[in-house]
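**Q** Going line by line, the protein sequences match chains P and B.
Quick note, the first sequence lines up with residues 1 to 216 if you use the numbering used here.
Quick note, the second sequence lines up with residues 1 to 465 if you use the numbering used here.
Heads up, a few of these hints could be off.
[As the list claims (entries may be wrong)] Computed Cβ-Cβ distance ranges for the label pairs, DEER-style: (1) B:G73 with P:D18: 41 to 51 Å; (2) P:E172 with B:N305: 54 to 64 Å; (3) P:D189 with B:G401: 29 to 39 Å; (4) B:S310 with P:Q139: 21 to 31 Å; (5) P:K203 with B:K99: 17 to 27 Å.
Simulated from the structure, these hints should not be mistaken for lab results.
Glycine included, every Cβ here is placed at the ideal spot set by N, Cα and C.
Residue-level listing of the chains:
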Amino acid sequence: MTSNSEGLIIDGVMAYIDRDNIDTDQIIPTEYLKSIKKYGFEDYLFDGWRFADDGKLGITKEERILNENFILNTQPYDKSKILLARDNFGCGSSREHAVWALRDFGIKAVIASSFGDIFYNNCFKNGVLPIKLNKEEIQQLFKRSADNVLSLSIDLIKKEIQINNDYLISFEVDKNLLDRIVFGLDDIDITLSHKNDIIAFEKSRMKKLPWIFAND
Amino acid sequence: MKTLYDKLWEEHHVSQLDSGESLLYIDRHYLHEVTSPQAFEGLSKKNLTPWRLGANIATPDHNVPTERGNNFGFNEIKDEISKIQVIELDKNCNKFGIKQFDIRSSKQGIVHVIGPELGYTLPGMTIVCGDSHTSTHGALGCLAMGIGTSEVEHVLATQCLKVSKLKNMLVRFEGVPKENVTSKDIVLYFIGQIGTAGGTGYAIEFAGQYIESISVESRMTICNMAIEAGAKVGLVAPDETTIEYLKKNSMLNDDMFVDAMNYWNELKSDEGVKFDEELIIDISKIKPQVTWGTSPEMVVSFDDNIPTPSNSASDDIKNILLAREYMGIDSEKKLSELSFDKVFIGSCTNSRIEDLREAAQIVKGKRIAENILEAIVVPGSGLVKEQAESEGLDKVFIEAGFVWRDPGCSMCLGMNPDQLKPYERCASTSNRNFEGRQGYLGRTHLMSPLMAAFTAINGTVGDPS
Ligand code: SF4
Chain P
1 MTSNSEGLII
11 DGVMAYIDRD
21 NIDTDQIIPT
31 EYLKSIKKYG
41 FEDYLFDGWR
51 FADDGKLGIT
61 KEERILNENF
71 ILNTQPYDKS
81 KILLARDNFG
91 CGSSREHAVW
101 ALRDFGIKAV
111 IASSFGDIFY
121 NNCFKNGVLP
131 IKLNKEEIQQ
141 LFKRSADNVL
151 SLSIDLIKKE
161 IQINNDYLIS
171 FEVDKNLLDR
181 IVFGLDDIDI
191 TLSHKNDIIA
201 FEKSRMKKLP
211 WIFAND
Chain B
1 MKTLYDKLWE
11 EHHVSQLDSG
21 ESLLYIDRHY
31 LHEVTSPQAF
41 EGLSKKNLTP
51 WRLGANIATP
61 DHNVPTERGN
71 NFGFNEIKDE
81 ISKIQVIELD
91 KNCNKFGIKQ
101 FDIRSSKQGI
111 VHVIGPELGY
121 TLPGMTIVCG
131 DSHTSTHGAL
141 GCLAMGIGTS
151 EVEHVLATQC
161 LKVSKLKNML
171 VRFEGVPKEN
181 VTSKDIVLYF
191 IGQIGTAGGT
201 GYAIEFAGQY
211 IESISVESRM
221 TICNMAIEAG
231 AKVGLVAPDE
241 TTIEYLKKNS
251 MLNDDMFVDA
261 MNYWNELKSD
271 EGVKFDEELI
281 IDISKIKPQV
291 TWGTSPEMVV
301 SFDDNIPTPS
311 NSASDDIKNI
321 LLAREYMGID
331 SEKKLSELSF
341 DKVFIGSCTN
351 SRIEDLREAA
361 QIVKGKRIAE
371 NILEAIVVPG
381 SGLVKEQAES
391 EGLDKVFIEA
401 GFVWRDPGCS
411 MCLGMNPDQL
421 KPYERCASTS
431 NRNFEGRQGY
441 LGRTHLMSPL
451 MAAFTAINGT
461 VGDPS
């Protein structure tokens, strides 16, 4: 297994949206779920906030009316790799499109005090690192962001966030989830290495509870 | 001593992975057109085929137009992009041999409505779908949860899900509800109490006198919205009511049914087992609930004051201001001072036959109010529609000025033409009142079918009795 060295440090400007409960419909509205592709969602991230008009799949951001005040439309935040929010980020739908939109925009890490369960899990499958910090640390980051543009350097191995070279926060994340980002592991390959276990389990289940399989 | 969730977990545990996660065997996998295309593509790229074909059931629901009538074909879908998605599902089902209730099928419907009614959802199963409201199926004593598209691909390829165990929460609803209070009101009240992140990381088992007293359909409404409280999994242990429901719906032959029933009768949390969290909620004083804001936790009794910054805790003030602004709440103190534009009765939360019966009872012999531009009823499935029509409910709605539609998700999320226009205010029986959920800048108030029907007639929320 080789590590993806780019994946070990996430360096960049941190944008911030001071809200609780940023749900998956805000991250990417339903209109864009009509795509059958897995990429190309960058222009639709936070659509309702980033634009002052109603969008459609296939219409690019150049054809839209920008909401000039929205942070991701202002420099240097339009190139942010890191996003800060408050509580329960990504609550709502299971749509992986929400993570694809963040990823395609260039966001590599989201920092919040808590996350929606399914969203949290989806992040690791797409190389986006969700970082949970406590509410006080989040508050600190918001406070500092209000005064200065914050550049962060997130070390995935040390699990530390360096802020503007003068301030350090450490974070916790489950090692095997993190490994997916660091090594770019493929879940299907891992699971299929247990093929025999699955076959054996399935056989015994079919024998023990045939009615489960009766409507197959 | 084990909880029901613990037991279901152990029964499906294939192996422990080095990562610390577990491989869980999946008995049933539902698919729809929105979260599956990328998964099928991934499967093809890896040269894989579905592990156990028969585990998979597909139906298009999110995108489909609800004015289809008879003999509707793909080519009649006007939105070109929606059409591609519906056709893509059809192609993938044909290519891989997956059973599909397609757009022409009399059994097509919202995936969480058709699964249980067609007998594909049975107690004791693990059930997944690329949709967060998969928690609905937990009402029959299943371990059911929503998954992302990568996991859809994973389940297709391996019949397993890689997951970590959740914590256990028990919620006991005790007492007898007041008149006009439905399971939707109870679950909205519950979410208002614990918040939209209150159940994060938990599997919630719903129990207590109230749960025992209600139908499987009403239990589905509650489990459906467990995810709105942050919980991936909602559960109700099977009981006599469940078994009566399954006698009608399970499709099992008599011998198998007896075997299965013996198994279902054992499916419950052990007496006295300790949950990580236990809540008892007295439901006897709850009044009909209506959301006022942009999150399901922003909910009040229909006649309560709408929260203002001055009567709220300081960390809520910002959320309240943003929500009031989005919802167009100015000086109005109560929800009944707001004028509604549209009414939507439908969605996987409230589009089953008993929901339609409750709503029909309210509107019978009356007319929708003048300010209501459109009131639509969208049955959850072809079978629900058929049943409702056989009871004459369609006529009751139509005579009152409602529009009677074909099954689908419809205005729950507005991926099809059923959408709110900017600033329109909607009384909706769906499950999410997020900004723009029902259409760009649309304003959603969640409530029960009974209250939505009343709002259609009355022009705004109020006391249905
Ligand atoms: S009815 Fe609404 S919540 Fe239910 S599956 Fe459809 S879109 Fe999702």
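**Q** Each hint needs a verdict: does it hold in this structure or not?
**A** Structure-based check of all given hints:
1. B:G73 with P:D18: 41 to 51 Å: holds (49 Å)
2. P:E172 with B:N305: 54 to 64 Å: violated (41 Å)
3. P:D189 with B:G401: 29 to 39 Å: violated (57 Å)
4. B:S310 with P:Q139: 21 to 31 Å: Since B:S310 and P:Q139 have Cβ atoms about 23 Å apart, the given range 21 to 31 Å holds.
5. P:K203 with B:K99: 17 to 27 Å: Once the Cβ atoms are compared, 22 Å apart, the range 17 to 27 Å for B:K99 and P:K203 holds.
Going through the hint list in order, the structure does not satisfy hints 2 and 3.
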